[in-house]
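J.: As a plain string of letters, each chain reads:
There are 2 protein chains.
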Amino acid sequence: MEYYTGAAKKETLEISELRKKARTGGAKAAVRVNGAVHTIRDMGNVAFVILRKREGLLQAVYEEGKAGFPLRDIREAAAVEIEGILEENEKAPGGIEIRIRSVHILSEPADAQMPLAISKWKLDTSLEAKLNYRSISLRNIRERAKFRIQEGLTRAFRDYLYGQGFTEIHTPKIGARGAEGGANIFKLEYFHRPAVLAQSPQFYKQMMVGVFDRVFETAPVFRAEKHNTKRHLNEYTSLDLEMGYIDGFEDIMAMESGYLQYAMELLAKEYAGEIKVLGIGLPRADRIPAVRFSEIKELVAEKYSHKMKNPFDLEPEEEVLIGQYAKEEWDSDFVFVTHYPSKKRPFYAMDDPEDTRYTLSFDLLYKGMEITTGGQRIHDYRALTDKIRARGMTEEGMEQYLNTFKHGMPPHGGLGIGLERLTMKLVGEDNVRETTLFPRDLSRLEP
Amino acid sequence: MEYYTGAAKKETLEISELRKKARTGGAKAAVRVNGAVHTIRDMGNVAFVILRKREGLLQAVYEEGKAGFPLRDIREAAAVEIEGILEENEKAPGGIEIRIRSVHILSEPADAQMPLAISKWKLDTSLEAKLNYRSISLRNIRERAKFRIQEGLTRAFRDYLYGQGFTEIHTPKIGARGAEGGANIFKLEYFHRPAVLAQSPQFYKQMMVGVFDRVFETAPVFRAEKHNTKRHLNEYTSLDLEMGYIDGFEDIMAMESGYLQYAMELLAKEYAGEIKVLGIGLPRADRIPAVRFSEIKELVAEKYSHKMKNPFDLEPEEEVLIGQYAKEEWDSDFVFVTHYPSKKRPFYAMDDPEDTRYTLSFDLLYKGMEITTGGQRIHDYRALTDKIRARGMTEEGMEQYLNTFKHGMPPHGGLGIGLERLTMKLVGEDNVRETTLFPRDLSRLEP
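Chains L and S are the protein sequences, given in the same order.
Under the working numbering, the first sequence has 544 at position 287, and the numbering climbs by one with no breaks.
Under the working numbering, the second sequence has 390 at position 133, and the numbering climbs by one with no breaks.
Warning: the hint list may mix true and false statements.
Any copy will do: because identical chains look the same in the list, a pair fits if it lies in one copy or spans two.
[Said to hold, decoys possible] Below, simulated DSS-like cross-link-like pairs (lysine-lysine); rule was C-alpha separation at most 30 angstroms, straight line:
hint, residue 1, residue 2
1, K377, K277
2, K644, K387
3, K277, K266
4, K566, K487
By construction, these hints were calculated from the structure, which means they are not laboratory data.
Sequences and hints are given; from them, build the entire structure.
T.: And the structure:
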C-alpha cells in the first residue's frame, strides 16, 4: 500500500517555466523538456529540432559532437525527452532554445510520413482533408489555437455566470419528446420505447428556474436538419442560460453583453498566445446596439437598396446586411435584433403585449450571422396552455413541463449561444466545421 | 436603437447582500427583495412569509396594519417582490428578516396546492414521487442543495485541470461505432445510416492528447445497460481526462487525488451553506491509499472471512468490504485499487509488462463503490494493433483512431469519473437517482 497526495511536480519544464527561468538568470542551466518532434531542419553540422508542446513550439539545437548520439536517433513525430542547456536566443520562438546534450525516446511513430504537412505555419489543404485526418491536422499550431480560443469562450461563460449567481445543471439528452417540436429530431429506440435526442435543454432549464432562479448548461444538442450549409451542424455545443425574476427581456441581453465583455477580457489575458498565433483582433463588446426587427429591416433595405421580400422573415443575406449596417453605423461587430415575429418563435415565447404579432425576444448577430436566440418566456400557466391550444398543439408529453407552471413560476427568460459559430466568427473562419473538433453533418459521421 | 453595456445591477437584494447590509449598520433600512413564497405561517396578528431565494430561505414578517394590503393577497407558490424594513433577528434563518410594507405580485400559481410538501425540512416522500414531480420536489431546500454540491464537484474538476495545463474539448456524442464495443450501445438512424450514441469520449480524448498533451471533457455518456440497480444510469455525466507524457499510470492517480483535494477545499469554501443544509462532512482527500487488486482481495478475504469466488473479478460486495477495510485500516473513504486483470479491461489498456495478466490501471472506490476507472493506454501502434488481433477484434471503423498512433503518440493515460455517483456518496445517498436531475433508467424516460 502507498499513498497518493496530489499531482507530482514534474522534473521536465513547460515553455512558460523555461522562459521564466531564462528571465530570472537561469540561462545556461541544464534543463529537461519533453514534447513531440514537430519538425527537424538539418543544416549539416547543426540541426533544429522543433518540439511541439502544449504551450507552443520550442526550438532544440542539435550540434554535431556536442550531443551524445547521432541525429538519426530522433525522428519526426516521435515523443521525446531532451536534456540540454537553456539558452536565450532572440531568433528562436519565444526567445529561448535548448542546446541538446542527450535524448530519451518516449515513443516512436510507426510511420513518420505525415498525411498532412502539419509543420507548415498555415496548413495548406482542403477542409475535407483536415476533417478526415482530424487528429493529425490539429497538430498544426494554428489549427490547434482555434480550439484553445473555444475553450476560453466556454470557460468565460461559466465563470461569468457563477459570479452572477447561476447554478450549472446537467439535463438529459435522451427524452420522450423534443422541446421545439417539428420534424428535425433524431429518433432512437430506448429499451423498446420510442425516444428522441434533445434539440435543446429548453424545457429543463425553464423547469429549473423554479428551483435555482438562475441556471446554465454547456452541453451538446442535436438537430436532424437537412441543411448542408457552412453554418449548420447536426450536433453542436450550446451555451444555454435561463434566469428568473427578470424585469423584461432586456435583462437577458444585458446578461449576454456582460458575458461577451468578460469573455474578451479573459481571452486577452489568458489566451494572448493563441490570439497572436491566429493573428486576430478581439471585437469590442463594451456596448452592443439593439434594434427592432421591423426597424432594422427597413434601415438596411433603404441603405443598401435591398428589396425586402417578407416583412416577417429574416433571410441570411439580410443578416449579413444588418451586420454591415451595425459595423458602419454603430462601429459594432455585434447587434441585437429584437422583437421577432411571433410566427417565427416557439409557443413558449412571450408575445409583446403592445403588438402580439411580435415577441419579447431577440437574436444576437455577430458579423452578420445569428449566434444567439433568446427572449422572455411565458410564465403564466393559463397563458401558456392558451397559446398551446391556439397553435393547435397538444399538451401530451408536456405534462411535467406544464405542471411546473401550474405550481408557480417567476417571470423569466434565457438564451442559447452556438459555441462553434461564435468561435468561427471570432477566429475569422467562414465554415463552422473549421471550429468544430469532430463535426457531424449530413454526410459526416466519422471520425 | 439603444446600447447594452453589461448586466444591470438589480435594486432587489440577495440574501448575502442583505446580511452584509445588516452587519454593516444597514438594519432598519428599507429594502426590496424578490422570491418564491415557500410557505406562509399565519399566527393571527402576524404571519411569517418565507421566501425561497437562490441562496436559501428568507423570513418576511407580515404585521396586521403595518403592511398596506390584506395577507390573502400573498399566496404560497407565488413569485413576489416585497418592500420592507431589514431587521436583525437571531431566530430567523440567517439572522435577518424583512418587515413587510408592500408587496408586488410577479406571478400567481394556477394551483397553489402542491403535489409534494416541499416546505418541510426533509421531503418525506418516495423516490418515485420525487422523480415524477422533479421540478417541484427540487424546490425543497435539501433536495436542491445536492445539486449545488454537484456543481461544485464539476466546477472544481475544470478549474483544477485548467491550472494543470489541460485543454477542454467537446467530442461528438453521435458516432459510427462505440468506443468500448459490446452490446450496451444505443443505436439510432443518422440520415439513413446506422449510428450510435457515445459510451465514452475514450477514442477522441486519446486522439486529442496528440494535439493538446492534456485534455478533459465534462459531458453526457450513454450506456444501454439493462442493469436495474441503485448505482446504474443509462445516461450520466462523465468527468473525463486524458494526459500525455506520463511516467506511469501513477501520474493519473496523483492527478485525481489532486483534484479531490481541490474539490473538497472549494466545497468547504464556496458551498458551506449547502454542506450545512445537508448536514454532511467532507471526506479527507489529502492522502489516498492505493493497493493492488490481487492484494486487497486477499486482505479483505482474510479480515472479513469472505470467500473469494474468482481471483480475476471484483464483486460489488467485495467493493463494499474494500471500502470498509480502507476506512478501518487507513482511515480513508477513498481507496485506489490498482492492476486490474487484463481480461476485465478494454483492448487499449496497457498490460503490466511484469505480469501481462494484469494491467497498469486502477479504479477509485469511494465508500465501497467504484466512482472512477482509469489507467495507462497503449501508445505504440504495433502493440495496439497486435492486441486488437489477439482479441479477435477488427480494425474496421477504428481507422482514424489507429492512424493517430501510427503517426506518433506520447505515453499517456486517463480516467473517467461518474459525477452522479461521486455526488451520491458525498451527500450520503444510497441511490444514484437521488443525485441525478432527470435520471434515465430502464423504465424512466420522463420527465
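J.: Next step is simple, just say for each hint if it's right about the structure.
T.: Here is what the structure says about each hint:
1. Proximity of K377 to K277 under the C-alpha cut-off of 30 angstroms is restricted to the intra-copy arrangement: shortest distance 28 angstroms within a copy versus 57 angstroms between copies.
2. In the homo-oligomer, the alpha carbons of K644 and K387 lie at most 30 angstroms apart only across protomers (29 angstroms), although the nearest pairing inside one protomer, at 47 angstroms, exceeds that limit.
3. In the homo-oligomer, the alpha carbons of K277 and K266 lie at most 30 angstroms apart inside one protomer (17 angstroms), although the nearest pairing across protomers, at 41 angstroms, exceeds that limit.
4. In this assembly of identical chains, the alpha carbons of K566 and K487 lie at most 30 angstroms apart only when taken from the same copy (23 angstroms versus 58 angstroms across copies).
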